[in-house]
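S.K.: Spelled out from the first residue to the last, the chains are:
There are 2 protein chains.
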Amino acid sequence: MIGHPDFVTEPWCLRETGLDLGLLAQTESLFALSNGHIGWRANLDEGEPHGLPGSYLNGVFELRPLPYAEAGYGYPESGQIAINVTNGKPIRLLVDDEPFDVRYGELRSHERCLDFRSGLLTRRAVWVSPAGRAVRVTSTRLVSFVQRSIAAVCYEVEALSDPVRIVVQSEIIANEQLPAPSGDPRVAAALGTALVPEKNASHRARAGLVHSTRGSRLIIAAVMDHVVDGPGGTRVDAESFPDLGRTTVVATLEPGQHLRLFKAIGYGWSGSRSLPAVWDQADAALAGAMQTGWDGLCAEQRDYLDNFWARADVEIDGDTSIQQAARFALFEVLQAGARAEGRAIPAKGLTGPGYGGHTFWDTETFVLPVLTYTTPDAAAQALRWRHGTLPMAIARARQLGLKGAAFPWRTIRGEECSAYWPAGTAAFHINADVAAAVVRYVRATADVAFEQTIGLELLVHTARLWRSLGHHDGLGRFRIDGVTGPDEYSAVADNNVYTNLMAQQNLVAAADAAARHPDLSGEFGVDAEEMAGWRDAAASMFIPYDEALGVHPQAEGFTGHQVWDFSATTAGQYPLLLHFPYFDLYRKQVVKQADLVLAMQLHPDVFTREQKARNFAYYERLTVRDSSLSACVQAVIAAEVGHLDLADDYLAEAALMDLDDLEHNTADGLHVASLAGVWTALIAGYGGMRDNGAVLRFAPRLPPGLTRLAFGMLLTGRTLRVEITRTMASYTLREGTPLQILHHGQPVTVSTGEALTCAIPEPPPAGPRPVQPVGRGPKPHRPSGS
Amino acid sequence: MIGHPDFVTEPWCLRETGLDLGLLAQTESLFALSNGHIGWRANLDEGEPHGLPGSYLNGVFELRPLPYAEAGYGYPESGQIAINVTNGKPIRLLVDDEPFDVRYGELRSHERCLDFRSGLLTRRAVWVSPAGRAVRVTSTRLVSFVQRSIAAVCYEVEALSDPVRIVVQSEIIANEQLPAPSGDPRVAAALGTALVPEKNASHRARAGLVHSTRGSRLIIAAVMDHVVDGPGGTRVDAESFPDLGRTTVVATLEPGQHLRLFKAIGYGWSGSRSLPAVWDQADAALAGAMQTGWDGLCAEQRDYLDNFWARADVEIDGDTSIQQAARFALFEVLQAGARAEGRAIPAKGLTGPGYGGHTFWDTETFVLPVLTYTTPDAAAQALRWRHGTLPMAIARARQLGLKGAAFPWRTIRGEECSAYWPAGTAAFHINADVAAAVVRYVRATADVAFEQTIGLELLVHTARLWRSLGHHDGLGRFRIDGVTGPDEYSAVADNNVYTNLMAQQNLVAAADAAARHPDLSGEFGVDAEEMAGWRDAAASMFIPYDEALGVHPQAEGFTGHQVWDFSATTAGQYPLLLHFPYFDLYRKQVVKQADLVLAMQLHPDVFTREQKARNFAYYERLTVRDSSLSACVQAVIAAEVGHLDLADDYLAEAALMDLDDLEHNTADGLHVASLAGVWTALIAGYGGMRDNGAVLRFAPRLPPGLTRLAFGMLLTGRTLRVEITRTMASYTLREGTPLQILHHGQPVTVSTGEALTCAIPEPPPAGPRPVQPVGRGPKPHRPSGS
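For the record, the sequence lines run as chains A and B. Take 87 as the starting number for the first sequence in our numbering and just add one per residue. Take 87 as the starting number for the second sequence in our numbering and just add one per residue.
Heads up, a few of these hints could be off.
Identical copies carry no separate label here, and so any pair may be met within one copy or between two of them.
Calculated pairs, SDA-like style, for lysine to any residue (alpha carbon to alpha carbon, straight line, at most 25 Å) [to be verified]:
no. : residue 1 : residue 2
1   : Lys-674   : Thr-656
2   : Lys-674   : Gly-643
3   : Lys-489   : Leu-662
4   : Lys-865   : Val-94
5   : Lys-674   : Gln-485
6   : Lys-285   : Gly-658
7   : Lys-674   : Ile-629
8   : Lys-285   : Asp-389
9   : Lys-698   : Asn-778
10  : Lys-489   : Ala-657
11  : Lys-674   : Tyr-631
12  : Lys-489   : Gln-659
13  : Lys-674   : Ala-505
14  : Lys-674   : Pro-630
15  : Lys-674   : Gly-560
16  : Lys-698   : Phe-652
17  : Lys-489   : Gly-658
18  : Lys-865   : His-750
19  : Lys-285   : Ser-302
20  : Lys-698   : Leu-782
21  : Lys-674   : Pro-151
Keep in mind that the hints were calculated from the coordinates and are not lab data.
Could you put the whole structure together from the sequences, leaning on the hints where they help?
M.R.: Here's what the structure looks like:
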């Protein structure tokens, strides 16, 4: 897509200079706006044509029954699925007596630009109606990072040639008709008309709708107001219906004259507050936005983003497409998480209906590291959401016969929504992933209040889960049997190395945190015996190793399994899960996504350098990357074991996952975790950053194509800027007390003032480039320009 | 139930001397009549009250969609479920103006008797109407073993006290209303009105209905005719409606006078023939039965059963309840399989809707051994049915990416109907179970024509499956990874010992059969290389062994898993599958049903005597018998390792599974495989019969309570009778050439004429009695009388 001639590579925006209707659905995802609370797909203002209409409010979902042909104990009976809410985007335009529709008349030019610094999506079109009337339409949208219940549009029409009568209908629409879903199980099941009209009203240029949901019993309000700036005689009127609010503006424009419409939409929803309260809440938000005005909203947005980029920008010299992709990725991670506040960060953010709007382990493992070091408040908010679901996780653990908490594999509100337990319930590692995110956040921020109110309780309950899930065998080893690790082409295996290492970290972290807060942990019933039990289980954790091959099996016995017959597998048979039965995938050596390799990234000290190299080469031969959660991890370890060119190929794959629609499902929404992985591939890959110890480590080394990489990280309130060239790394602290770090294993101290510059040592020999399954290697990446 | 005071222990029948309405559903199963083609539950003639109305035709099913909340490649989309067909049983009686209903008036006496020698179900009742009119009702039913499309009733009413006007309505009814099913997943999903009326007609005393099914597109005809014998003035009339055929008989009886009604019902169904053809077929069968007449049908039935018992009877001295149960069991196995001819033998026979009318591996593994040695034609027919489904099994294997044939885990017509692959598709052992049944049948009958037309092809395709499912590992061992063995509390494990041994036998048997029939096997594409590949895989088959514990793990790694916490499990939490999640069951040491222990029964030479004793003791501690397919197997191995008292307890459990409703689901139909296991527990347990080698082996030894056990087995057309006392065993051949057998390891030859008598050696010491999980040991059995 980014390879499509309509797209232009620019460092600070995503720009499309034409309109290919075949790419509508994909571009609706790419140009989507969100602040983590409201999500607006980039549907055209006039509503049609569209790929997939989409307006989302984080946490708004409907229930659907989960059917089972053969039921089983503990299967969830009800699923949650994000629904398309009231659409505040539509602005229809009638030019004389013809509707503005890009499929009719002549579209002389069409450009869309998502600006990462302004946070605005601008669309410029020049259109000639079938009757020959030319107009310029300029529409600018934002979803406010500052006023989180507000989205706004500035819509301008200019008559270019003849006098024209213009009618603009600015609408809010509920229960839009959606296209039928595909058969791909990763796409959400569709729900029919989901919103029940409860109230509608209009007054002057304002209109509003209130709806409810049947099963999840939510109230959703959407209200809009307008400021119209047009020539004399411009008339404005509003009306409302159960599923429609409409403000109509009529004006006559002489050539060169403009009609300008500022439209602000306020959203409100609740599962507990009354209809009048929710309606008031949306109206109040709207009143604030109208007082701020369009220019004020834009200024706030710019200010918010200036702050973000000042601490978080990643600069890349030597590869313009990766520079653009890296900023796009950071911007999208921010859009997904900035203002989620008390709600989950879904796998697709709020950019599309993929995965039913569910949140998985990706949030904690892929997205939160980026937020922790760039926007720590958002990371804390995401973990507060998890903490808020603790009662459900504790109930789920009890239902499963376990102690502590069992967080759901996929959910919106907190209840388990996975209907396939081998790749759901059995993937217990999510609990340790949550714990690891807590540990990382607390270490990075020294936020003691968070540890006391949120972190400790999460650590305690997840540690209890592991202690009850595992057991000591006759040899005294602590085993965790019958679980599923990150790789979804294996399931229900014993002693998955990733899971066991994550559990080990979880148990130790819980014991350490409980020791730091003895009174508080006592309130949770933790005593010295329990803490000792956690430490003992962690110390005895069984990590299987295949002595004969000199590699770690992904799980016990894995390396004895038959290797998948890659030579007999055609390109069209990927992703394998759509063409082969689970039973066959599970019992063979074939890896969907980094699992043992991710363990090496997150637990670098458990593996020797030689083991890392051997393990990486071994799993490279087996990994088909049918998941978007793999390339970024492979990039990190490829860089560590010295295959920087391979790392660069993987980085490019992660970076272009959506921009080039590599998985052919960008239409359903962006792969937020993979986008987050771009940052990780750069910072942990080329920067060699590891944060598993008390001291942050860097081991920077650039791939052949790059000449400079610079990035920032927030650490306990201090901004560390790192700048890497081919031979040197320099570390700068913007504020605060000196910071000790490791540079290629050497302790160094960074202080404010002068940059600390360190030489980058010669790399040790890397050995032959690892081989991937036939046809599944990453596309060779050629850095583009400088 | 058999412990209920209404039941009487008799050697040749099951007799109930009262009517407990609370046991109606169970007794409908126990007294059900079937010939393997037609199945009639023992609903009362007058239809109400009932537990569960049920009339079945083997192979008549409806399709139902199999829903998945998360779909996967290769999941079956459509299930098959046996349906309640046109009910030919109802005979309603009006005494003056009051309907005969056991819930009203006074039931002075009520007796039902299922006679194993006559094959008749007789019911005798004396009833006084609310108005004080006393009648004796005697009804006798049969489902003919000789005329397989015919069921018949002889219904007699006698006025006992006053003159009464009697109206008898003899009916055939389609689309009866069925009670709502329970939530137990082992009970079938209910289907609503399943039969579409196509035609109905009546003439004189005859009436008939033709229906079709919507999804499975079957045509089903049921026709009835009557012979009425009553006093002068008796009137007979018939009429028909879409779902009802009714013949009405009106008579006035003086005290002592009888009205006698002979009702015959002919059934016909087809998935390929036209409606007129099916209607004609049912009418023709009925015409034959009417010509035979009631007495003729009874005589044929008796003759058929006399032959059966002459070759198959099992005599037990010292335990009258086991004597009765053993004959009941043999009778039920015969009822299930006698005339299935081209159709499957369902897990519940045709006695109830349990398991949706599906056939599983039980048929080949539990039922066919009994039929092979008592009614070999029926065994051959069952295997012919499997062979008929080969095209579907080959297609399924191809869908799964495998060679050869993959038979369905559960089915009616042949397509896979299991919607839960870890306990369905992954249970590949069914393929070797089919192969083993072929090997046993051919060895027992020397039926070369069968081997050529049926057996060889089954062996070849199942061997191909194993060769493609397994692989050689780096140590040259042939491994079969990621499959599920018989124990359903483990799943998707590597190198299940039972599966690997069965596959090994399958591979060798296929190679041997192909070598015997080189031309034929060549037609199937078998060449010397393929045969060598089978033999090599068999020779290299990996059988895991835990050296530290000195036991065979059920599957690789099993003995390292956590032992289920039996002490924390309450009696109400069994069966565990209804109270604990699969993930927890699968990853712990807890055994639903004999798995490794069944492997020791079927592959006795793979294990040393000491290993058998240790393995048995080890698995006894873990086995909870939440399946009815376990006790009989445990009885066999308990006997072999010298725990004859424990064997007796297990035998009693298998024998009383339905008679005492031990699993609380006899209402849904009988456990035919467990009933077959009664024979196996006696013959392979106390008789020590093993048939895995070329020469049949016996190692007889009676448990403390029994003084004599005698049984017959058909071998290559010769009837071998075996009689065992506490000290001696005698072998008699009724006809044919001499037969070499092993008696306690010693080769001996049995000839016609004089019995061969052998001493039973002293048993070796057995060691301490194995221990079962708390509360899960078998109920101690006390032999009842002599």
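S.K.: None of the hints should be skipped; say for each whether it holds.
M.R.: How the hints compare with the structure:
no., hint, verdict
1, Lys-674 to Thr-656, "within (17 Å within a copy, 38 Å between copies)"
2, Lys-674 to Gly-643, "both (11 Å within a copy, 17 Å between copies)"
3, Lys-489 to Leu-662, "between (36 Å within a copy, 19 Å between copies)"
4, Lys-865 to Val-94, "within (21 Å within a copy, 80 Å between copies)"
5, Lys-674 to Gln-485, "between (32 Å within a copy, 17 Å between copies)"
6, Lys-285 to Gly-658, "neither (50 Å within a copy, 51 Å between copies)"
7, Lys-674 to Ile-629, "both (20 Å within a copy, 19 Å between copies)"
8, Lys-285 to Asp-389, "neither (37 Å within a copy, 81 Å between copies)"
9, Lys-698 to Asn-778, "within (16 Å within a copy, 51 Å between copies)"
10, Lys-489 to Ala-657, "between (45 Å within a copy, 22 Å between copies)"
11, Lys-674 to Tyr-631, "both (18 Å within a copy, 22 Å between copies)"
12, Lys-489 to Gln-659, "between (41 Å within a copy, 18 Å between copies)"
13, Lys-674 to Ala-505, "both (24 Å within a copy, 22 Å between copies)"
14, Lys-674 to Pro-630, "both (18 Å within a copy, 19 Å between copies)"
15, Lys-674 to Gly-560, "between (28 Å within a copy, 14 Å between copies)"
16, Lys-698 to Phe-652, "within (24 Å within a copy, 42 Å between copies)"
17, Lys-489 to Gly-658, "between (44 Å within a copy, 21 Å between copies)"
18, Lys-865 to His-750, "within (15 Å within a copy, 61 Å between copies)"
19, Lys-285 to Ser-302, "within (18 Å within a copy, 49 Å between copies)"
20, Lys-698 to Leu-782, "within (20 Å within a copy, 58 Å between copies)"
21, Lys-674 to Pro-151, "neither (33 Å within a copy, 30 Å between copies)"
The earlier numbered hints that this structure contradicts are 6, 8, 21.
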